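Trainee: Residue numbers (numbering that gives the first Met the number 0), protein chains in the order written: chain A, 0 to 341; chain B, 0 to 341; chain C, 0 to 341; chain D, 0 to 341.
Watch out, some of these pointers could steer you wrong.
[Claimed, not checked] Simulated pairs of lysine to any residue, SDA-like, Cα-Cα distance not exceeding 20 Å: (1) D:26 to A:139; (2) B:201 to B:176; (3) B:26 to C:136.
[Said to hold, decoys possible] Now the in silico label distances, taken between C-beta atoms and shown as ranges: (4) B:21 to C:301: 22 to 28 Å; (5) D:175 to C:243: 40 to 46 Å; (6) B:64 to D:53: 41 to 47 Å; (7) C:22 to B:314: 34 to 40 Å; (8) C:82 to B:107: 51 to 57 Å; (9) A:132 to D:53: 29 to 35 Å; (10) C:303 to D:73: 22 to 28 Å; (11) B:64 to A:117: 40 to 46 Å; (12) A:22 to D:142: 25 to 31 Å.
Simulated from the structure, these hints should not be mistaken for laboratory data.
Please read all numbers here as calculations on a predicted model, not as lab measurements.
Cβ atoms here follow ideal geometry from the backbone N, Cα and C, with glycine treated the same way.
4 protein chains.
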Amino acid sequence: MVLTLEPTLSADAQESLVAQLRELRFKVTPVRTQRAAYLVALGPKDVDIRRIGALPGVLDVHQVSDDYQLVSRKWRVRPTVIDLGDDLRLGEGTLSVVAGPCSIESEAQMEAVMQHLVQSGVRLMRGGVFKPRSSPYSFRGLGLDGLRDFYRLARQYGLRIVTEVMQVSQVEEMLDYVDVFQVGARNTQNFNLLDALGQVDKPVLLKRGVSGTVEELLHSAEYIFSGGNEHIILCERGIRTFETASRNTLDLNAVPILKEKTHLPVFVDPSHGIGIREHVPPLALAAVMAGADGILYETAPVPERAASDGQQTLDFAESARLVEALQRTYLLRRQLAEDGLV
Amino acid sequence: MVLTLEPTLSADAQESLVAQLRELRFKVTPVRTQRAAYLVALGPKDVDIRRIGALPGVLDVHQVSDDYQLVSRKWRVRPTVIDLGDDLRLGEGTLSVVAGPCSIESEAQMEAVMQHLVQSGVRLMRGGVFKPRSSPYSFRGLGLDGLRDFYRLARQYGLRIVTEVMQVSQVEEMLDYVDVFQVGARNTQNFNLLDALGQVDKPVLLKRGVSGTVEELLHSAEYIFSGGNEHIILCERGIRTFETASRNTLDLNAVPILKEKTHLPVFVDPSHGIGIREHVPPLALAAVMAGADGILYETAPVPERAASDGQQTLDFAESARLVEALQRTYLLRRQLAEDGLV
Amino acid sequence: MVLTLEPTLSADAQESLVAQLRELRFKVTPVRTQRAAYLVALGPKDVDIRRIGALPGVLDVHQVSDDYQLVSRKWRVRPTVIDLGDDLRLGEGTLSVVAGPCSIESEAQMEAVMQHLVQSGVRLMRGGVFKPRSSPYSFRGLGLDGLRDFYRLARQYGLRIVTEVMQVSQVEEMLDYVDVFQVGARNTQNFNLLDALGQVDKPVLLKRGVSGTVEELLHSAEYIFSGGNEHIILCERGIRTFETASRNTLDLNAVPILKEKTHLPVFVDPSHGIGIREHVPPLALAAVMAGADGILYETAPVPERAASDGQQTLDFAESARLVEALQRTYLLRRQLAEDGLV
Amino acid sequence: MVLTLEPTLSADAQESLVAQLRELRFKVTPVRTQRAAYLVALGPKDVDIRRIGALPGVLDVHQVSDDYQLVSRKWRVRPTVIDLGDDLRLGEGTLSVVAGPCSIESEAQMEAVMQHLVQSGVRLMRGGVFKPRSSPYSFRGLGLDGLRDFYRLARQYGLRIVTEVMQVSQVEEMLDYVDVFQVGARNTQNFNLLDALGQVDKPVLLKRGVSGTVEELLHSAEYIFSGGNEHIILCERGIRTFETASRNTLDLNAVPILKEKTHLPVFVDPSHGIGIREHVPPLALAAVMAGADGILYETAPVPERAASDGQQTLDFAESARLVEALQRTYLLRRQLAEDGLV
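Just chain A, with the same shape it has in the complex (with noise of 0.2 Å):
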């Protein structure tokens, strides 16, 4: 059950609140975030909700037969939208574009994307300053003299930039540097990161773990929200699975899926889902078709120099070109939507 508290609400008036709850017997989570209060209470399925929403201080209440709750559409049914300002939204009703290399690597290559991405429109920058990498022999990143960098040349060109967290003590660190902080797959149930970024307001792009379900990518979602963070988007990125053809395997299902259990942006990372350069046009506009809010894919100015993940990068020309196919994609969507098809 979601609470969501009048925003006027004394504390004392919540914690008298939250008492009368628990004598009810719910375990109750007090929740505040950029947007509102809420109280999540957990417990008997059997009382009077509208006993519930009749208490002082509370705005409206509803059930969730979610185990997740705050993230759950059966709460919130109208679709999260993320202001960036300067009219850059993230969410239902635009199709967002984030496009940028692996890894940060130099002034030089920064310099060259932005000038690729300012001219093909394209108004959000990825790149990775701390790099996870399975062999502690590989090129782990620049780290935060790179990020200050990034994010110094990003404000030049009008860029705002998504870039990887990987433990709890950066995400102090990088806050003044980032737009929106990116949680990699292998950090989808780093609890103590998701809790820590729960704290801080800027948006979270959380992607799914490497073999994580559609259930646990809300569960990791929730963390955050409760933690007081509600500018989430989620992000499928392809699972591990038997087939070897491809590097994962990109599971556009989880789309539709994610957009009827959430109203949370869901975005698909087509790079990752398929880890081969050529075939990453064709999954990103599928990954439109099935109804992502979002693209985010690799380009570099020489995909086969690039410091990690050349081989799923796209060249400038190829990424300009996927640039106009997504515009024209979502155009379709938008249509065929308008006209009752879809």
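Guided by the hints, dock chains B, C and D onto chain A, whose structure is given.
Mentor: The following block gives chains B, C and D in isolation, referenced to the frame of chain A:
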């Protein structure tokens, strides 16, 4: 190595050619299909291919580095298009739509579906009379009698039918009453069945195994082709993974990968691929953007009362909307291709 | 619900019994096996079972909450033991060892293996004459002629043979030359083949599907039992997962789970289960401690030169050591059971 | 390539050695652990290794063809044995038993378990105070206070403790109150945590990831070793597959494969591996025959009332029987090894 033989080559001349290749330590498999005669020669890699090409009776010869040979695009670059007559072609350059119930249940059911398909402009109908079921106590289909009725009615409505064959002895019995044989996901590696289907002149729609790799699917197609039948359609229908939010995990990665590796048409079955009725349409459209040459889905008069698979079956209103959306999506894909964007 | 019928029940009396059950809205499947006659009745759960048990001709009756019925331990608590004569029994209370080459290749090969088995005290030999192969160009076995030789030689050496049947038409052809039919992992859901094996009086060793669940394996066994043959052995042989360090992932969890769910014997094939020769013995011993009733493994005179599966085949020295280790391990398991420790 | 350095080598001499290797185009990582100092040098394969071995300060040098280096058995053939003092050693040559509750809940619970363990001759106790939970609303453990109590009581009972660390900041906090750090299956690729654990002198029990490969597990161990801590135990605990009859699929194939590839001890956790209480013992015994150096399982006073994992937790009677069965099974394995049978 695949050798295409001159159409006029005599049996004696072919035998002599085979003998020469065996002397060069090749293992030779002679293949005669509806279209042409070939030799598949496996063995030494260091033979000068021009020398082979110059042998009498050889029209052309290609080295094929894949383990499969006849289905490989390394040998035959031009896509295979299967002509069913009456201007009905399956394969690249068109988008085929195959729709119908999971199981054929009655004349009334069939006629209702047929009227809907004709109205919607769909020319191919699916429907099973032999149903593979996990439990021996489930409905196992109407059998051969049902097939005869199915075929007769389809002819009246001007429809072609696609229906599943489960065992060798059925191939002969069904032959006069099918337009396209379907091999189900549990029989993708039923090699005796594939052998038998290699010996008839009816197209075969070969579904990917529940846990079959792309590579295994191509090998299974090679069985049919090398048996003498080159009219094969491959069909992605979802694979088994750890995810339980959907019935299977539709692997759209397989579409561009297959299109690159083989000249055969590639269809997609989103009904089995996701197994959730309301999510079938977005996945069908996604499949088109991923590059599918055809879409196979389930529709029935009253899905809730279908003898099998009702939870993933569209009603006619949903089906009609999907057909229109598929056509518009395919049109966009063609335009993007013409504009050099995909 | 499973009803065991009185052995002396006439056909008329049985028909009348079936009619009464149908009146009670049960779907009834009559089953007659080597051992007894049964009725499987599916339908209403609220019928008083004592009333059914009191019907004339009913020896006993059990409600079975599983979807499968005849193979369930909820109906038959006592383990099924299959008697091959000459004091050779398969099932609980003994540890069966089945060893031999992947493929039967020649008389010399067979005789070498047979001598080794006799010396080691192994009484069951495996070996394939019909080989399911991913590629049509691979060696596909010696066929029926090879089987006749295999059977004749085995008789001379006092051995029983286990060999794979791949299609319905082979069942009849092979019947006089096999002691135990094997159904391979690609045919676990070849329902027509299971039906056909239900109609013969030879035991069937049914392998789990490459990606088959425990539940599906039990359903497939139900096909054979309900067809009329209750001499079935289940065999775990490794499933397909994301792990590539081994050929398959041997699922020893399946052993105690199957032993709990069914009265049928459970064997394990560690050769396919791990696919790495030097690691077959520890997995074989592990299978015994997990509760297996039998072990099936591959051995050949010169594994390196075997026509198939050489990389997972033991030589005779390794095989002899394994047989001794298996016996000592099984002895320990029995002692632990006697001492109430497992 | 791994170089073991002379213990007396000065910092200056080591630097000069590193410089020489870099001149030969090696990427060099200096490593100093509890036991020795090493250089990991990656790069050219064509350098004469004798030339490297002859450099001043080099005790020995080995080429390692694996991607991981320090954990590879190709470099260090002798198994790593970890000495906890008081004659308690973990690794080859002994069978370690680690038992205890999933979560530490109270002093009464801890003392009950401890008495049981002491009586059964078990010297290592597991128990979590930081619990990774899918949902933020689940019980998340008693935290640091609980750990201090756990450690204090364990000392009174003469037990060593194994407990999970979830994030970098806990490493320092927990250091004085743990005997062995456990890294859970969701943190196997939490590289920052692995880095941090490389910097402390306490053994680490590293669980395999839920969908982690054997190769990835070894790479993660390499993080810890190359960070400076070579006291690492690997632990197989079941992987995620399509099978839903068990919680996970215990992959005992991994045991002999890991024992071949690495010199580190290999433990098995059958409780998580199968997740069904009554089937934990047979899988534990199977793990011993597969070659495990230790078994980790869950036991609690009243499993039905445990705060987490009750369905896979043994009561004390079951646990006592298992300990005896484990010892007798391990004894057999040693005898078989002495007799040259495994």
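Trainee: Tell me, which hint numbers fail for this structure?
Mentor: none
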